[in-house]
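Novice: Letter by letter, the chains look like this.
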Amino acid sequence: MDVLFDFTPVFDNMGDILQAFWAVIRLTVTTGILSLILGTILAGMRVAPVRIFRGAGTLYVNVFRNTPLTLILAFCALGLSDTLHISLSTQSTVNFYWLAVFGLAAYTAAFICEALRSGINTVPLGQAEAARAVGLTFFQSLRLVILPQAFRSVIAPLGSIFIAMTKNTTVVIVASYVESAYIMRQLFEEEGATIPMFLAFAIGFMIITLPMGFFFGWLAKRLAVSR
Amino acid sequence: MTDSGVGPELSKDDSGAQDDIPGGGPLVVLENVNKHFGELHVLQNINLTIHRGEVVVVIGPSGGGKSTLCRSINRLEPIDDGTIMVDGKKLPEEGKDLARLRADVGMVFQSFNLFAHKTILENVTLGPIKVRKLGKQEAEKNAMELLERVGIANQAQKYPAQLSGGQQQRAAIARALAMKPKVMLFDEPTSALDPEMVKEVLDVMTSLAHDGMTMIVVTHEMGFARRAAQKVVFMADGQIVEESTPDEFFTNARTERAKDFLSKILTH
Ligand SMILES: Nc1ncnc2c1ncn2[C@@H]1O[C@H](COP(=O)(O)OP(=O)(O)OP(=O)(O)O)[C@@H](O)[C@H]1O
Ligand SMILES: [Mg+2]
Chain A
1 MDVLFDFTPV
11 FDNMGDILQA
21 FWAVIRLTVT
31 TGILSLILGT
41 ILAGMRVAPV
51 RIFRGAGTLY
61 VNVFRNTPLT
71 LILAFCALGL
81 SDTLHISLST
91 QSTVNFYWLA
101 VFGLAAYTAA
111 FICEALRSGI
121 NTVPLGQAEA
131 ARAVGLTFFQ
141 SLRLVILPQA
151 FRSVIAPLGS
161 IFIAMTKNTT
171 VVIVASYVES
181 AYIMRQLFEE
191 EGATIPMFLA
201 FAIGFMIITL
211 PMGFFFGWLA
221 KRLAVSR
Chain B
1 MTDSGVGPEL
11 SKDDSGAQDD
21 IPGGGPLVVL
31 ENVNKHFGEL
41 HVLQNINLTI
51 HRGEVVVVIG
61 PSGGGKSTLC
71 RSINRLEPID
81 DGTIMVDGKK
91 LPEEGKDLAR
101 LRADVGMVFQ
111 SFNLFAHKTI
121 LENVTLGPIK
131 VRKLGKQEAE
141 KNAMELLERV
151 GIANQAQKYP
161 AQLSGGQQQR
171 AAIARALAMK
181 PKVMLFDEPT
191 SALDPEMVKE
201 VLDVMTSLAH
211 DGMTMIVVTH
221 EMGFARRAAQ
231 KVVFMADGQI
241 VEESTPDEFF
251 TNARTERAKD
261 FLSKILTH
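So the protein sequences, as listed, match chains A and B.
With full-length UniProt numbering applied, the first sequence corresponds to residues 1 to 227, in that order.
With full-length UniProt numbering applied, the second sequence corresponds to residues 1 to 268, in that order.
The hints are simulated quantities; they were obtained by calculation from the structure and are not laboratory data.
A hint or two may mislead.
As the list claims (entries may be wrong) - Between beta-carbon pairs, the in silico distance windows are:
id : chain 1 : residue 1 : chain 2 : residue 2 : range
1  : A       : LEU18     : B       : LYS136    : 42 to 52 Å
2  : A       : PRO211    : B       : PRO195    : 46 to 56 Å
3  : A       : ARG143    : B       : GLU39     : 33 to 43 Å
4  : B       : HIS210    : A       : PHE139    : 32 to 42 Å
5  : B       : LYS133    : A       : ALA74     : 45 to 55 Å
6  : A       : ILE52     : B       : ASP80     : 22 to 32 Å
7  : A       : ALA48     : B       : ALA153    : 34 to 44 Å
Claimed, not checked - So, partial list: chain A residues that the calculated Cβ filter (under 8 Å) puts toward chain B:
id : residue
8  : ARG54
9  : THR58
10 : GLU129
11 : ARG132
12 : VAL134
13 : GLY135
14 : LEU144
15 : SER153
16 : ILE155
17 : SER226
18 : ARG227
Quick reminder that beta carbons are idealized off the backbone N, C-alpha and C, glycines included.
Hey, can you work out the whole structure from these sequences and the hints?
Specialist: Okay, structure coming up:
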């Protein structure tokens with residue numbers, strides 16, 4: 001009972017824990033940016049006038065949205081790295097880190113694409129017609145008129161996706177060795193799985209994800225397009 | 001480019017001219033144009049020539065194909081067969097060329113369609129900056145002149161939702177004019193407006209017409225047709241049923257279909 005509520009291991013290992021969360025933050029930011037870019041491109045493909053692009057976008061989303069993240073990451077780690085010998089760095093931990101980033105980004109992008117596409121559907125058709133009538137190309141209309149409005153209407157769901165992604169960084173343990181969940185497991189093994197240790201990690205994640213939620217809520221209100 | 005004009009030079013000598021060819025040669029030419037929506041034959045073998053500086057009012061019962069005609073002229077609606085020429089050039093397929101052509105054809109919609117996330121000024125400068133590759137300063141200077149001209153310069157920094165319908169439509173006209181189009185298309189520009197705002201928009205359009213802008217206007221505003229148009233095209237069931245001068249059309253329509261339509265809009 002005493003051991004279960006003993007907070008000293010938390011403080012003793014503060015350095016490791018902070019390092020773990022620093023890794024989470026780095027992973028979150030890198031993966032977030034990558035998945036946002038990929039998701040936007042995918043959403044553009046799904047509304048493109050060219051059928052092949054639409055088909056490719058749909059296929060991608062259906063594959064990645066319906067495959068468990070662990071499988072994707074395992075595929076990245078084992079399939080790409082070990083079997084196909086695709087290497088992004090000579091250092092194996094760095095290599096694993098980037099493979100994990102790409103795996104998680106590829107997975108998250110499918111959800112971002114779908115959120116954005118629903119945002120595109122909220123933009124009245126007349127906006128796209130007016131953009132075309134002014135002489136903008138399809139790509140310009142998308143970039144200058146449709147996507148800016150689509151983004152603003154889906155900031156809240158995008159926030160949820162990013163929060164889920166942040167928590168999914170723990171799953172990256174399958175492929176990577178630099179992440180908080182790995183350190184968490186190490187600490188659990190060395191110090192025993194105590195409630196304080198769990199709490200420390202749970203609170204740590206909330207410290208990252210709660211402000212994210214508030215931030216996205218605030219942003220959604222601030223950038224709302226009035227019609 | 002020193003002139004801040006909004007279109008071709010004033011080419012009409014007399015706004016009351018009754019002849020078929022006011023000023024310039026043909027600018028928009030439709031030949032044997034056909035279009036289907038599934039089974040529905042919305043445009044049936046349409047032949048129509050609009051000359052430079054001419055103002056043509058298109059009128060007719062709902063569902064007759066007026067909007068489709070308008071939209072096909074800048075290819076917002078593709079056609080099945082026939083040709084549409086704008087300033088001697090055939091409408092290109094989708095792509096860069098088409099975008100360039102659209103820039104030469106201004107369009108004003110019934111529901112304004114201003115870009116909701118941009119200010120009025122940004123709405124007007126977007127096309128000139130991104131399509132005409134004008135510098136921001138020059139584009140803004142031109143835009144302010146146009147907003148002045150349509151009477152809403154003091155609204156430049158507001159967002160569309162903050163403006164009245166009449167102001168939004170005038171902003172939309174300024175946005176189209178900013179591209180210095182060769183021809184302007186208006187699809188029922190006043191039918192979404194409260195009655196007290198109709199006049200301010202029609203006034204802007206009338207002054208454009210008098211400045212020599214080539215215009216194709218779908219509208220039921222007879223006053224505007226009489227004041228500003230040289231030609232009335234009566235469309236019903238996908239066909240051009242009658243083509244004449246406003247005076248002749250409103251006082252002495254030739255076809256039963258047109259007489260019937262006029263009796264309906266005149267009695268309410
Ligand atoms: N995108 C579309 N798909 C299918 N049918 C359409 C489409 N757009 C228009 N139509 C049909 O084509 C016909 C002509 O429509 P159009 O909008 O050109 O008529 P209109 O003369 O402008 O009528 P209104 O005065 O009501 O605006 C109508 O019967 C309409 O229902
Ligand atoms: Mg119509």
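Novice: Compare the structure with each hint and give your call.
Specialist: Each hint, compared with the structure:
1. A/LEU18 to B/LYS136: 42 to 52 Å: With a Cβ separation near 46 Å, A/LEU18 and B/LYS136 satisfy 42 to 52 Å, so the hint holds.
2. A/PRO211 to B/PRO195: 46 to 56 Å: holds (51 Å)
3. A/ARG143 to B/GLU39: 33 to 43 Å: Roughly 37 Å apart at Cβ, these two residues keep to the hinted range, so it holds.
4. B/HIS210 to A/PHE139: 32 to 42 Å: holds (38 Å)
5. B/LYS133 to A/ALA74: 45 to 55 Å: Check passed, 50 Å falls within 45 to 55 Å.
6. A/ILE52 to B/ASP80: 22 to 32 Å: With a Cβ separation near 24 Å, A/ILE52 and B/ASP80 satisfy 22 to 32 Å, so the hint holds.
7. A/ALA48 to B/ALA153: 34 to 44 Å: With a Cβ separation near 39 Å, A/ALA48 and B/ALA153 satisfy 34 to 44 Å, so the hint holds.
8. ARG54: violated (15 Å)
9. THR58: Not OK, violated: A/THR58 not within 8 Å of chain B, min 21 Å.
10. GLU129: holds (6 Å)
11. ARG132: With Cβ-Cβ at 6 Å, under 8 Å, it holds.
12. VAL134: The hint holds - A/VAL134 has a Cβ within 8 Å of chain B, the shortest such distance being about 4 Å.
13. GLY135: With a minimum Cβ separation of about 3 Å from chain B (threshold 8 Å), the hint on A/GLY135 holds.
14. LEU144: Where the cut-off is 8 Å and the nearest Cβ of chain B is about 7 Å from A/LEU144, the hint holds.
15. SER153: Violated, about 10 Å.
16. ILE155: violated (13 Å)
17. SER226: holds (4 Å)
18. ARG227: holds (5 Å)
Of the numbered hints listed earlier, those contradicted by the structure are 8, 9, 15, 16.
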